[in-house]
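Colleague: Construct the entire structure; sequences and hints are all you get.
There are 2 protein chains.
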Amino acid sequence: MLGLIAQAPISGYDLCKVFETTPMGHYSASPGSIYPALKRLDKRGLVAGRVEKGSTLRPRRLFELTSDGHEELVRWVSQPVTRRDIVWAEDDVLLRFGFMDALVSRDVVVRFLDEVVRQCSAELDSLQAHHRKMRTAVSGDEAPSTGRLALGYGIASYRTLRRWAKQARDELRRFED
Amino acid sequence: MLGLIAQAPISGYDLCKVFETTPMGHYSASPGSIYPALKRLDKRGLVAGRVEKGSTLRPRRLFELTSDGHEELVRWVSQPVTRRDIVWAEDDVLLRFGFMDALVSRDVVVRFLDEVVRQCSAELDSLQAHHRKMRTAVSGDEAPSTGRLALGYGIASYRTLRRWAKQARDELRRFED
DNA sequence: AATTTCATGTAACCAGTTACATGATTCA
DNA sequence: TGAATCATGTAACTGGTTACATGAAATT
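Chains A and B supply the protein sequences, listed in that same order. Going by our numbering, the first sequence opens with residue 201, and the numbers climb by one from there. Going by our numbering, the second sequence opens with residue 201, and the numbers climb by one from there.
Any given hint might turn out to be false.
Copies of one chain are not kept apart here, so a pair can be met inside one copy or by any two copies together.
Lysine-lysine pairs mimicking DSSO-like chemistry, simulated, CA-CA at most 30 Å apart [said to hold, decoys possible]:
no.	residue 1	residue 2
1	K333	K366
2	K333	K217
3	K333	K243
4	K217	K243
Derived from the structure by calculation, the hints contain no laboratory data. Computed from a predicted model, the values in this text were never measured in an experiment.
Modeller: Next comes the structure, spelled out in structure tokens:
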């Protein structure tokens, strides 16, 4: 939400709309979470709401970032990418990346992607070891268990993330001055 | 947890171990969630715990599925795969798949994968439309925004899932009698 | 003798989901 | 005039995380 508010002042209602109608919807968020979250952010001094019109219209509160909010947002996207992030919060990693270019310099973004590649490789090593163990455990010409196939998807998934990170990094480098 | 208990009677402690030491750890779960969850499942009559030893040893409760629990587990894995599942609960879809072969027939599994392919294609259409919109919005020879690149990952991700589902289906078909 | 592991659990805190409530405004 | 949309919010239910508590058994 801080990332969205940073792009332009926005109301709670329009935040809901973003989650409903764009791929941001991947990150869920319903009125029942957005309004309380805005209230929390306000209480922490990270956003400030101002009423757009004072006339007969139903008031519409536009929220914008405070300087504390901007600081917090930069801190959030700039966090080191840990293996834990890759495994348990891959979506957050991508979300942080998606807001980065408006907040930090190009080479911070590139280092971020390099770290994603590193952590993917680490996780892949561990998953592949498990995958091999499952092969030897059964061994034969029966069909693979769905459990083993599911693990195969996990591996394919981290490979895709790693490949994407490498390509994205190269693409960003290509446009460096 | 029902899926794990179905494989063999297991204690709360050993369930914790599974999540700590295998790729199942991807699905989180800590003692603070496992023990209360076991209690809930017990209360709902889906699992039954029996004490392993009555001697001086600290009692160790082994849980096994009741017939209601088995029914519920089969119901869970057999649910239709919706687009909502693919988008918001991809992990659950893979988890259901991973437990399937012990619970339902081969062709139910194959139909499950076919449905995954369908729903991926639907989601891909929608994401690609958004992706194209972001291209035309900026248009030029500047570097792509990290937001657009992040969406690119989403697309790569669903492509991987679709490709995996097709391959897994073919592999399962190859071993059909 | 001290530490680690086995083994089970509880409590405070936090936050998301669903569903509901309210009332103004715009559109058919 | 009735329905949909704009716009903001609340409440009950649910359940996860972290951290803590307890004590026996095995290991060093």
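Colleague: Hints first: check each against the structure and report whether it holds.
Modeller: Hints versus structure:
{"no.": "1", "hint": "K333 with K366", "in the structure": "both (29 Å within a copy, 24 Å between copies)"}
{"no.": "2", "hint": "K333 with K217", "in the structure": "between (47 Å within a copy, 17 Å between copies)"}
{"no.": "3", "hint": "K333 with K243", "in the structure": "neither (51 Å within a copy, 36 Å between copies)"}
{"no.": "4", "hint": "K217 with K243", "in the structure": "within (23 Å within a copy, 40 Å between copies)"}
Hint check: a violation occurs at hint 3 only; the rest are consistent with the structure.
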